[in-house]
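There are 2 protein chains.
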Amino acid sequence: MGKSIDRLGEFGLIDSIRKYQYPSSRVVEGIGDDAAVLKLDARRYQLLTTDMLVEGVHFLRDASARQVGHKALACNISDIAAMGGLPTHAVISLGLPSGLPARYVSQLYEGMSALARKFDVSIVGGDTVRADTLVINIALLGEVEKKHLVLRRGACPGDVIFVTGPLGNTLHSGRHLTFLPRVKEARFLVENYKPSAMMDISDGLAGDLGHLLKASRVGAVIDEIRIPLNPGAGLNSALSGGEDFELLFTLPAARAHSLACSAAGKKGFSFIQVGVIIKGPARISLRDRQGVLKTISASGYKHF
Amino acid sequence: MGKSIDRLGEFGLIDSIRKYQYPSSRVVEGIGDDAAVLKLDARRYQLLTTDMLVEGVHFLRDASARQVGHKALACNISDIAAMGGLPTHAVISLGLPSGLPARYVSQLYEGMSALARKFDVSIVGGDTVRADTLVINIALLGEVEKKHLVLRRGACPGDVIFVTGPLGNTLHSGRHLTFLPRVKEARFLVENYKPSAMMDISDGLAGDLGHLLKASRVGAVIDEIRIPLNPGAGLNSALSGGEDFELLFTLPAARAHSLACSAAGKKGFSFIQVGVIIKGPARISLRDRQGVLKTISASGYKHF
Numbered sequence: 046m047g048k049s050i051d052r053l054g055e056f057g058l059i060d061s062i063r064k065y066q067y068p069s070s071r072v073v074e075g076i077g078d079d080a081a082v083l084k085l086d087a088r089r090y091q092l093l094t095t096d097m098l099v100e101g102v103h104f105l106r107d108a109s110a111r112q113v114g115h116k117a118l119a120c121n122i123s124d125i126a127a128m129g130g131l132p133t134h135a136v137i138s139l140g141l142p143s144g145l146p147a148r149y150v151s152q153l154y155e156g157m158s159a160l161a162r163k164f165d166v167s168i169v170g171g172d173t174v175r176a177d178t179l180v181i182n183i184a185l186l187g188e189v190e191k192k193h194l195v196l197r198r199g200a201c202p203g204d205v206i207f208v209t210g211p212l213g214n215t216l217h218s219g220r221h222l223t224f225l226p227r228v229k230e231a232r233f234l235v236e237n238y239k240p241s242a243m244m245d246i247s248d249g250l251a252g253d254l255g256h257l258l259k260a261s262r263v264g265a266v267i268d269e270i271r272i273p274l275n276p277g278a279g280l281n282s283a284l285s286g287g288e289d290f291e292l293l294f295t296l297p298a299a300r301a302h303s304l305a306c307s308a309a310g311k312k313g314f315s316f317i318q319v320g321v322i323i324k325g326p327a328r329i330s331l332r333d334r335q336g337v338l339k340t341i342s343a344s345g346y347k348h349f
Numbered sequence: 046m047g048k049s050i051d052r053l054g055e056f057g058l059i060d061s062i063r064k065y066q067y068p069s070s071r072v073v074e075g076i077g078d079d080a081a082v083l084k085l086d087a088r089r090y091q092l093l094t095t096d097m098l099v100e101g102v103h104f105l106r107d108a109s110a111r112q113v114g115h116k117a118l119a120c121n122i123s124d125i126a127a128m129g130g131l132p133t134h135a136v137i138s139l140g141l142p143s144g145l146p147a148r149y150v151s152q153l154y155e156g157m158s159a160l161a162r163k164f165d166v167s168i169v170g171g172d173t174v175r176a177d178t179l180v181i182n183i184a185l186l187g188e189v190e191k192k193h194l195v196l197r198r199g200a201c202p203g204d205v206i207f208v209t210g211p212l213g214n215t216l217h218s219g220r221h222l223t224f225l226p227r228v229k230e231a232r233f234l235v236e237n238y239k240p241s242a243m244m245d246i247s248d249g250l251a252g253d254l255g256h257l258l259k260a261s262r263v264g265a266v267i268d269e270i271r272i273p274l275n276p277g278a279g280l281n282s283a284l285s286g287g288e289d290f291e292l293l294f295t296l297p298a299a300r301a302h303s304l305a306c307s308a309a310g311k312k313g314f315s316f317i318q319v320g321v322i323i324k325g326p327a328r329i330s331l332r333d334r335q336g337v338l339k340t341i342s343a344s345g346y347k348h349f
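Here the protein sequences line up with chains A and B, keeping their order.
Position 279 (the first sequence) corresponds to 324 in the working numbering; numbering is contiguous.
Position 253 (the second sequence) corresponds to 298 in the working numbering; numbering is contiguous.
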């Protein structure tokens with residue numbers, strides 16, 4: 046009988062599937078970052094990511110079809126942004142329940158294609174099948190200049206930890222259906238500040254910072270008072286609510302200072318320092334409002 | 046309320062989504078062939094395809110997890126073969142019901158990775174989410190030399206129509222869970238015989254020949270007596286049973302003659318002539334065992 050997937054969890058699953066990865070000379074980074082990185086040409090890497098959205102888990106039927114389509118593509122674009130890249134081509138699979146109005150499907154596509162146009166993504170194919178509940182899977186290609194690629198595993202002790210916007214209360218407020226992936230922010234950063242590590246926040250700040258620390262083999266101290274919160278969000282929601290889709294990144298101290306003094310705000314960007322990377326095991330210490338340090342769980346939002 | 050997707054059907058849906066395709070200078074072929082074709086370098090195109098499999102629709106829980114994993118990747122590899130190409134990199138999304146044994150998931154991956162190794166496919170990432178029923182989506186990249194690319198739309202009057210093996214009774218016999226995608230056959234053909242059109246047979250011979258005729262703007266006459274049948278298969282099952290995953294291709298008469306006289310059989314390949322392409326509307330005429338011609342429906346297997 047063994048373990049059920051509920052006990053193993055998503056990251057247990059990801060660890061257990063790494064062994065099935067088949068080596069290939071074109072693979073620069075495989076399973077475990079926001080997107081796979083493949084060799085493309087002398088100057089660029091190709092990026093490939095995929096995300097599955099299931100009705101009742103990632104959205105409810107009362108969300109508008111346009112929003113659901115928007116979210117399905119936006120999650121994928123966010124993964125490409127997290128590598129420092131630009132999205133290029135998408136294929137879309139739909140599992141559609143019998144009796145679903147054709148109008149609902151058109152509006153799904155309208156939501157996807159409006160966002161695709163905004164980010165120059167070409168929808169080049171897909172698959173449509175019957176399913177009991179609505180399922181949307183998108184696979185998205187992207188590109189990044191070799192010099193601009195950012196992984197999760199480059200954070201070093203002394204680096205400053207940033208996020209690109211307020212966190213928490215994203216599911217309740219509906220923001221998870223309408224967010225714009227942080228492509229412009231990511232490109233501004235890779236072109237001007239070369240982050241040492243970057244990823245998007247889909248599992249809460251604690252969960253995803255935990256992944257970044259594990260990949261980089263470092264620890265972190267974050268300040269409760271610095272964590273930016275969405276209206277209605279509490280600390281727990283920011284740490285482990287999930288689906289914020291802001292970027293989490295680290296910069297060496299000198300470049301962090303330079304970013305803080307830059308005109309990023311004039312471009313409408315917001316880069317908020319929330320803590321620092323330290324030597325040691327991949328643990329997060331939270332400095333509370335009284336200045337007391339406590340280790341927090343990096344488990345983040347649980348998919349199972 | 047408008048049409049439901051049941052009335053529109055899969056190909057109605059595909060037609061209706063073409064308008065959402067965003068133009069891009071890298072896209073050679075978008076929605077509507079077995080895989081999308083993108084520019085890669087001076088010599089090669091990149092191919093991208095995706096397929097979604099849903100429990101209860103494409104497989105039942107009593108199929109072994111290894112077989113289900115095998116099938117999920119095999120369908121995608123078949124799409125790449127149908128363009129004349131070789132598969133390279135895959136990303137795998139799993140929607141997993143709560144309580145599914147972790148062992149089932151390992152065996153799914155084992156089925157996929159055994160096939161991946163056989164065809165030099167590298168599994169480079171994916172997504173795992175919770176779902177009420179088991180859903181597997183794979184997106185697969187491939188490559189093809191520009192000179193070897195074959196589309197659905199190149200068939201000309203006078204071309205001979207071939208299939209690569211027996212058809213029908215695939216679901217009942219379980220063959221849809223164990224088939225090997227026809228990559229070797231496709232490569233042999235593109236390297237030696239340059240098919241004028243090619244695709245894989247997933248919706249029955251009538252259904253998929255119908256798509257090929259529509260794309261090529263030609264008609265066809267097929268001979269009942271020539272259609273190769275699997276054990277237990279009747280004509281209807283071959284014409285519209287679905288999930289055979291043999292290749293359907295066309296060759297100009299001279300090259301067809303040359304293929305018939307070749308040593309293909311010694312390589313274990315079987316290329317069976319089933320009819321000819323004719324001028325006229327995209328209709329299939331079936332010559333029955335009495336030599337009587339009748340027009341048959343090209344609707345094939347219905348997904349909705």
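Hints in this document: simulated from the structure, not taken from any laboratory.
A quick note: this is a predicted structure, and the numbers were derived from the prediction, not measured.
Don't take each hint at face value.
The list cannot tell twin chains apart, which means a pair is met if one copy fits it or any two copies do.
[Unchecked claim] Taking lysine-lysine pairs in the DSS-like style, the calculated list, with each CA pair at most 30 Å apart, reads:
no., residue 1, residue 2
1, 229, 339
2, 324, 163
3, 259, 163
4, 192, 239
5, 339, 312
6, 192, 163
Tested hints:
1. Taking the shortest alpha-carbon separations for residue 229 and residue 339, neither the intra-copy value of 35 Å nor the inter-copy value of 60 Å comes in at or below 30 Å.
2. In this assembly of identical chains, the alpha carbons of residue 324 and residue 163 never lie at most 30 Å apart, being 41 Å within a copy and 43 Å across copies at closest.
3. Taking identical chains as interchangeable, the C-alpha atoms of residue 259 and residue 163 are never at most 30 Å apart, the minima being 34 Å within one chain and 33 Å between chains.
4. Within a single copy, residue 192 and residue 239 get their C-alpha atoms as close as 9 Å, which meets the 30 Å cut-off; across copies the closest is 41 Å, which misses it.
5. Taking CA atoms no more than 30 Å apart as the test, residue 339 paired with residue 312 passes in neither setting, with 36 Å inside one copy and 68 Å between copies.
6. Taking the shortest Cα distances, residue 192 and residue 163 sit within 30 Å of each other inside one copy (25 Å), while across copies they are farther apart (34 Å).
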